[in-house]
Each structure stands twice: as structure tokens, then as C-alpha cells.
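Novice: The primary structure of each chain is shown beneath.
Number of protein chains: 2
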Amino acid sequence: MSTTPNTQPEPLSPISRRRLLGTAGAVGAAGLVAGGAAGAYASETARSEPDPLSSLGSTAEPFHGDHQAGITTPLQAHGHLVALDLAPGADRKAAAALLRRWSKTAEELTAGRAPADDTGIALDAGPASLTVTFGFGRTFFGKVGLKDRLPEALAPLPDFSADALDPRRSNGDLWLQIGANDGLVAFHALRALQREARGAARVRWQMNGFNRTPGATSRPMTARNLMGQIDGTNNPKPTDDDFDQRVFVPAKGQPAWMAGGSYAVVRRIRMLLDSWDHLSPERQEKVIGRRKSDGAPLSGGTETTPVRLDKVNADGSLAIAGDAHVRVAAPASNQGAAMLRRPFSYHDGFREDGAPDAGLLFIAWQADPMKGFVPVQRKLDRGDGLSRFLRHEASALFAVPGGCVPGEYVGQALLEG
Amino acid sequence: MSTTPNTQPEPLSPISRRRLLGTAGAVGAAGLVAGGAAGAYASETARSEPDPLSSLGSTAEPFHGDHQAGITTPLQAHGHLVALDLAPGADRKAAAALLRRWSKTAEELTAGRAPADDTGIALDAGPASLTVTFGFGRTFFGKVGLKDRLPEALAPLPDFSADALDPRRSNGDLWLQIGANDGLVAFHALRALQREARGAARVRWQMNGFNRTPGATSRPMTARNLMGQIDGTNNPKPTDDDFDQRVFVPAKGQPAWMAGGSYAVVRRIRMLLDSWDHLSPERQEKVIGRRKSDGAPLSGGTETTPVRLDKVNADGSLAIAGDAHVRVAAPASNQGAAMLRRPFSYHDGFREDGAPDAGLLFIAWQADPMKGFVPVQRKLDRGDGLSRFLRHEASALFAVPGGCVPGEYVGQALLEG
Ligand code: HEM
Ligand code: HEM
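Chain order of the listed sequences is Y and D.
Basically the numbering used here = 1-based index in the first sequence + 41.
Basically the numbering used here = 1-based index in the second sequence + 41.
Just so you know, the hints here were simulated from the structure itself, not pulled from any lab data.
You may find that some hints are simply not true.
Cut-off 30 angstroms, straight-line C-alpha distance, at most; resulting in silico cross-link-like pairs (BS3-like, lysine-lysine) [claimed, not checked]:
1. D:Lys145 / D:Lys184
2. Y:Lys412 / Y:Lys278
3. D:Lys333 / Y:Lys145
4. Y:Lys327 / Y:Lys412
5. D:Lys293 / D:Lys184
6. Y:Lys333 / D:Lys145
If you want the ones that stay clear, here's a sample from chain Y, every Cβ over 12 angstroms from chain D, calculated [said to hold, decoys possible]:
7. Arg142
8. Ala205
9. Ala297
10. Leu359
11. Ala362
12. Pro372
13. Met411
14. Lys412
15. Gly448
Now the in silico label distances, taken between C-beta atoms and shown as ranges [stated by the list, open to error]:
16. D:Asp189 / Y:Asp315: 31 to 39 angstroms
17. Y:Asp398 / D:Asn354: 48 to 56 angstroms
18. Y:Pro197 / D:Thr343: 54 to 62 angstroms
Built from N, CA and C at the ideal position, the CB exists for glycine as well.
With these hints in hand, go ahead and build the complete structure from the sequences.
Specialist: As C-alpha cells, this is what we get:
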């Protein structure tokens, strides 16, 4: 459906309306709800305009395709990131069986169907834009005897001077990104997928995140983060000529099993919100280089006006400061390096020191981390005015293979190719 | 607005439509969004049917009234529970000033307006059904020299044999319950209210919870919990003759400052989900006494059919087992004791032992805990088949005063009366 990340889904389109009907049928067929109720739901839907609230629940993101879902999917209200380590002794065959089970379950769940032996947590909810995205960490390859297939691009991320990383919440053999617009649908998928890992892999770390609920604002807007900024404006757009080239490994790229795939850099970045909130709005805007209210660059215009890094104020100062986040991070400052940022906010209550344990589960997608996250973070690490208000607390890099066609599973080209 | 707890909000009604327009106006007036954009939004709204997604964001729950909001308000998708302790030396005057600030801010936020010096986190979102509910713990009264006004009903809850309570996450001088259908709106309110407590009180504990997003299912349904059960069916209904009597302190009740108020029992109840999920669906249904798929009692009928505790199967066994949760918890088994359960689910990732740290932020509302939670939990503690799958990990009891009228603040009758 929509391929524009970071904007609210559109009002019910003909496609999602078709999906709504499809879903109601599928739900009935899978016996998720009593036949009578499902029938009533489907026929009501066909008779009248759909319930104004129901497009949120009834939207299904397709599981199959060239790319996995959850990369260009519009931001979802709930997310779970899970890294798992293979059980000692798990081999390539065991890993292949796990990925096969996982793909099958993800296919069922994202269509709004219940898998066998279901916990029932998502009963009577629609798919609610559920996506499940699978990735492989560097340590996976050695453990299953596939060192020869380890992508160069999975080289460990370099150290950055401001890193304060917790190894127990970093890296991992396998990665799941679960997103949905309903908290129970997301939790349901987490439980189902975790259960299928039993014996084959155990959870290494798990993080919960959130974004705005679709419909909380009716203006199609870029998301806000917990610092209050509009975040995601200058992301590559799927309509850009070079979008695919930046974000996805080409069909004939290297290694072959990564065709249509992408690399995900995951950083848990805590925000020092108490210090941040002490800055005046003007100071905050200077740190970013954009206006807080509407995201317009300080060089003028509206949110979508291109940033003019060379613009000078009447007093001779730069309109966008030398250490402003958008200057230091911009492709123009980094030999064209760019990535697709698709984050979740997180908030895990308060720390022992009384500060909020909150910030960004920053996820950057790119065809090659050396032409995306790495050079940009090197620059930000040294010169970003925002970095005083951030703590990078965990880090991971995963190879996320392309999508699969019906009958196949994600990662099959790696594990059986 | 709606006074039916535990059901999904209705499709856009004339009232919420009026609110939508009202909100767009208020937003423009408060300068939350640039004039042009707000104008466009308002006129579009007036011209055509509202965006099908926008009722979620535009619904405002009134702050003023006989009772505080957040008690009979439909379940919200996001919740924060916060207990605070007064700063050493804080007196009645300081507490009164805090409650006055808090009420003012809650009034602004719940109408979708930004308070002074705003963090901007909720900019361009509507009120999204935000509610803020204020309560006083037993320890509050001694600290501010109001021991003579301590309600009898705030007597410490008795110990229950299965309790494994963490004192650092239990009790507290003051309590905030924040609920909203958008995660950023809820977090925004949490930050704003916490900031206003600076110097006067500090956070003792804080918990995050969630419920289904309105619209994730289009059937008006009772909520599900993380065990997969429909939960909330046999709650007292606002349409019941004795609803007010059960839930709210009467206008001429004792103490006078609690008129229109209620008592909130808060229990953090972890679910042993791994053991639970090992039970067959049939065993799970016996433990509760209701069907998992649709919540119908095992004595027959549909979700809303009255439970027949005396029903006997053909083989002579009880249709609803002797230790079934609904039997042991029912008013009929507890001399009529009843409470309004209005919970949030919680999920804080995984524990050190690998088990999910997930369950129910159980909140029970009643005019008198001795005729609500206490006798029922005494019985459940001894005889409930469900208790093997639960751990009560934290507990608190708060006196939640009635609502206030414009110009007053919540708790004024206590602090100045
Ligand atoms: C919590 C941490 C961060 C916050 C709050 C944050 C916030 C923002 C904001 C508000 C913008 C402007 C709007 C936009 O274009 O999206 C932005 C832009 C950007 N950020 Fe960040 N950011 C964070 C971390 C990072 C990191 C770690 C990277 C990459 C290493 C990064 C890369 C970028 C890029 C490439 C842009 C677009 C610059 C342009 O082309 O104009 N950000 N960020
Ligand atoms: C995690 C813990 C709990 C779970 C999962 C749970 C679940 C349920 C479920 C599924 C029902 C049936 C549907 C309904 O009528 O709502 C129910 C009913 C009920 N529960 Fe619980 N419950 C829990 C804890 C408690 C506690 C601590 C109390 C009070 C001390 C309580 C009191 C009640 C009452 C009064 C009913 C209605 C019984 C009737 O009149 O039919 N529950 N609960």
C-alpha cells in the first residue's frame, strides 16, 4: 500500500477498503471469530461505508514482496525490537527451520489470521498494519557455518567517541522488528514468534517503542519525537530516483542472497530531556536548524522547503548554525551519504537517578552502512550540537534480506542457496 | 461524554463531531499550529465529513464534572501511573499550590491546548481522549498536617497470603493516572505534570500500560488482557441503578471532601504467561469460567448472558468450576461486594529469568474498598484457580476526590475546606 514512510496513513482508500473486505473474509475463514459474527461484520462492511474507526484495525501490510515489510511501511504506533542468540549447538538446519516457522507465522499474523495453538491475545482485532522484519547479525554466520556468506557490509560498526554502549543490549545473532497500530496485536506477534524460537534461540535483548497513533492528528504530518521536534522530514522518499539505490541492495548486488535486502543500524539513544527542556525554544531550534512548531528550516520556507545551508542572516551569522544537527547530518556535508530513518520512541519509566529513561530507538536503513550511517555518525559524533543532549546506549547492525514469495521463507537464499 | 467503560468508543457521533470543530478552533486560538494550517484544517472539516481517522485524535474528555475523568472513561490505548512523595518539609500550602497547578495544566492539556513553556511533544495532535486523575495516599495526610481528614476507607490494605509486594513500587503520597489514545499525548502530559511537581514532590514509582487502540476492531467489544481473555464483562455498568452507589462516595458521604470521589486500588499483577500458555484452551476456560473466543460464561449463552453459578453439567459437575475466577470473584460469592475494574496491560520486556515482565495494572474503583476490592481479593487469595498464574508485585490505595468546577482545583475541599 502506501510506500511513504513517516507520514500518517491516508484516509480509507479503495485499496484499503478492498483489504477490509478481504480481511473480514479471511478472519471468518480462519475461525478467529464465531461464524455468525464474522458474517455479520463482512456483510455490514459491504452494505455501508466502513466504520470510521475500523481502517486502523483492518489495514493489512502484505508480507510477501521484493523487500520485507517494516522498512517503507508508514510508522506504526507500537513496536518491539528483539535480538536473539542461537541456542548452543544450533546449526544451519535448525536456523533454516526457525526462519521457515517464523515466516509462516508472520505471514499468518500480518494477514490477521491466528496461528495454530494461538494465545488469543489478538482475537477479534484486525491486522492493524502488523509487520514483522527479520535480520541477521554478524555473529550468526560463524555459528551456523556460513562464514563465507558474511557480507562485507556487516563489518562491526566503528567506535564513536560519545558511545556508552551496554553490550548486553547490543548486537545479537538474529533480529525481529515487530510493528503494529495496536498494542495487543504487537504483543501477540511477539509472543507467537518468541514461542517458535524455543529451543532454537533465546532472547538477548528486547525493547519496546511507540509512535503517534494514526488519527491522533488529521493533518498528514511527519512524526514528532520526544524532544518535540518534527522528525523524518529530510528522509529519502520512495519517489526519489535514487531511493532504491540508497536503501536496498540491488538485484545483482553482493552477496547474492541479500538482493532486495537492506542493512539496519539500531541505536538506543537516550535523550537528556531534563537538560533539553531547560533550553529556550530558540536555543532548541538552533541546535537542530529547524523550527519546532512546523519543522521549517531556519533558512526559511515551510517543512518541505529545501534547507539552504549557505544562507546568511543580516548580521552575517549562518541561518543554520555550524553545529546544527541538520547541517552536520546532511548528505551535502557527508559526500552524499544518506539513510532512511524509521524510528520508534521509547520510554521505560525513570532511572535510578530520577531522569526519564526515554529517547529514540533509532533505526537507519541503507544499502551500505558505509554510505549511510557510519560516515554521518562519525561527523555527528564530533560536531553535532545535539549530541550534548544524547547518550547512545546500545547499538546493533543487522543484514535484513529481501522479501520472499509465497511458499518461500525470509533468508532462504542464505540458508539453502 | 460516553460513560460506558470497557467498550470501544462509538463511531463519530454528532457530539464528537461538534468537538472536532471545537478542537480545531481551540488549537488555532492557542497557537498550537500556524494560523494558516489551523484555518485550512477547520474549514476542511466544516466542508466535508471529517477524516475517518481523526475522531481518535479529536475526542476531548471534559476535565470538569462531579467526578474526575479517567474512572468511567472508555479504556485508553496508553496509560501512565505515577506515584509521588512530597518533598521533605512540604506543607499543606505547598501541596495546595501543586494541586492547583496540576489541575490547571490538566484542564489545558485535556482540551488539547498547550500549557506555558510547552515541550512541544503533543504539538499538532488533538486531545486524543486524554484524562488526568489525581489521588491521595494515606501517607499524604500526616505530612501536611491533615491527619484529622484521613478517610477511614484509606486504612492500609490487609496482607494477602500470595502477595509478593515491592515496597519501592507500592503506595505513595500522591497519585496521577494519565490515559490517552496517543502515546505522545500521554507522554507529553506526564512530562508537563512531572515538571510542575519539581521542588514539591518527586516520583516514587511510575508504570506504563496499554489497551487496544480504538478501531483495532470495529465490533464494539470488551477489552482483552494479555492472557487472551475478554476482560471487563461483568463490571458494574453506569446504567445500573446502584452504579453510583458502588463506585462513588455520595454527595453527603464521609469525609465531606470526598463527595463524588472514589477509592482506587492499584495492583501490579504479573502474569506467568509461559505457564499459562502451556494450558490447553479448555483448561484455561475452566480456570476463568468463561469461553476465550467470545467471553460467554461456561453456563451458556453469549458474553452478556448472566452467569449461572448453579448450572450443573450432564455428568453432575459444575458448569463453572468451584475455583473458577468468575465464581470466586462474583458479587454473589462476596455478599454483594463489587468494584469497577479499569485496567491497563503492561509489558516491560523480559526479566532476568527470561520470563516476560508483563501482566495487568489492575485498577479497581469503589466507594469503599471494604465493600469492593478487599473482601473479593481475600476470597481470590485463598480459592481462585487463576492465582497460580499471577504474582501481585505492587499495591497501592488512593483516595480520589470528586471532580472540580471551573476556577477550582481537584482536592481543594481537602486542602482549603
Ligand atoms: C535521538 C537522536 C536524534 C534526534 C532527536 C534527531 C532529530 C532530528 C531532527 C529533528 C531532524 C530534522 C528533520 C528531519 O529531516 O528529519 C533530523 C535530521 C536528520 N538526522 Fe537526526 N536525530 C537524531 C539522531 C540521528 C542520528 C544518530 C543520525 C545518523 C547517524 C541522524 C541523521 C539525520 C539525518 C541524515 C537528517 C537529515 C538531514 C538533512 O538532510 O536535512 N540523526 N534529525
Ligand atoms: C491479572 C489478574 C486478573 C485477570 C487476568 C482477571 C481476569 C478476569 C476475567 C477474564 C474475568 C471475566 C470477565 C469479566 O467479567 O470481566 C474477570 C472477572 C472478574 N474479576 Fe478478574 N482478573 C484478574 C484479577 C482480579 C482481581 C485482583 C480482582 C479483585 C480482587 C478481580 C475481580 C474480578 C471480578 C469482580 C470479576 C467479575 C466476576 C463476575 O461478577 O462475574 N479480578 N476477571
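Novice: Against this structure, judge whether each hint is valid.
Specialist: Right, here's what the structure says about each hint:
1. D:Lys145 / D:Lys184: At roughly 24 angstroms apart (the allowed maximum being 30 angstroms), Lys184 (chain D) and Lys145 (chain D) satisfy the hint.
2. Y:Lys412 / Y:Lys278: Given that 30 angstroms is the threshold and the Cα spacing comes to 17 angstroms, the pair holds.
3. D:Lys333 / Y:Lys145: holds, 24 angstroms
4. Y:Lys327 / Y:Lys412: holds, 27 angstroms
5. D:Lys293 / D:Lys184: This hinted pair holds, its Cα atoms lying about 27 angstroms apart.
6. Y:Lys333 / D:Lys145: Distance ~24 angstroms between Lys333 (chain Y) and Lys145 (chain D) Cα, so the pair holds.
7. Arg142: holds, 16 angstroms
8. Ala205: Its Cβ never comes within 12 angstroms of chain D, the nearest being 20 angstroms, so this holds.
9. Ala297: Given a closest Cβ separation of 36 angstroms, the condition holds.
10. Leu359: holds, 24 angstroms
11. Ala362: The claim holds: Ala362 (chain Y) sits with its nearest Cβ about 19 angstroms from chain D, beyond 12 angstroms.
12. Pro372: At roughly 27 angstroms from the nearest Cβ of chain D, Pro372 (chain Y) sits farther out than 12 angstroms, so the non-interface label holds.
13. Met411: With a cut-off of 12 angstroms, Met411 (chain Y) remains clear of chain D, as the shortest Cβ separation is near 32 angstroms.
14. Lys412: At about 32 angstroms from chain D, Lys412 (chain Y) clears the 12 angstroms cut-off, so the statement holds.
15. Gly448: The assertion about Gly448 (chain Y) holds, with a minimum of 29 angstroms to chain D.
16. D:Asp189 / Y:Asp315: 31 to 39 angstroms: At roughly 38 angstroms between Cβ atoms, Asp315 (chain Y) and Asp189 (chain D) fall inside 31 to 39 angstroms, so the hint holds.
17. Y:Asp398 / D:Asn354: 48 to 56 angstroms: The hint (48 to 56 angstroms, Cβ to Cβ) holds, given that Asp398 (chain Y) and Asn354 (chain D) are roughly 51 angstroms apart.
18. Y:Pro197 / D:Thr343: 54 to 62 angstroms: 58 angstroms Cβ-Cβ, so the 54 to 62 angstroms window holds.
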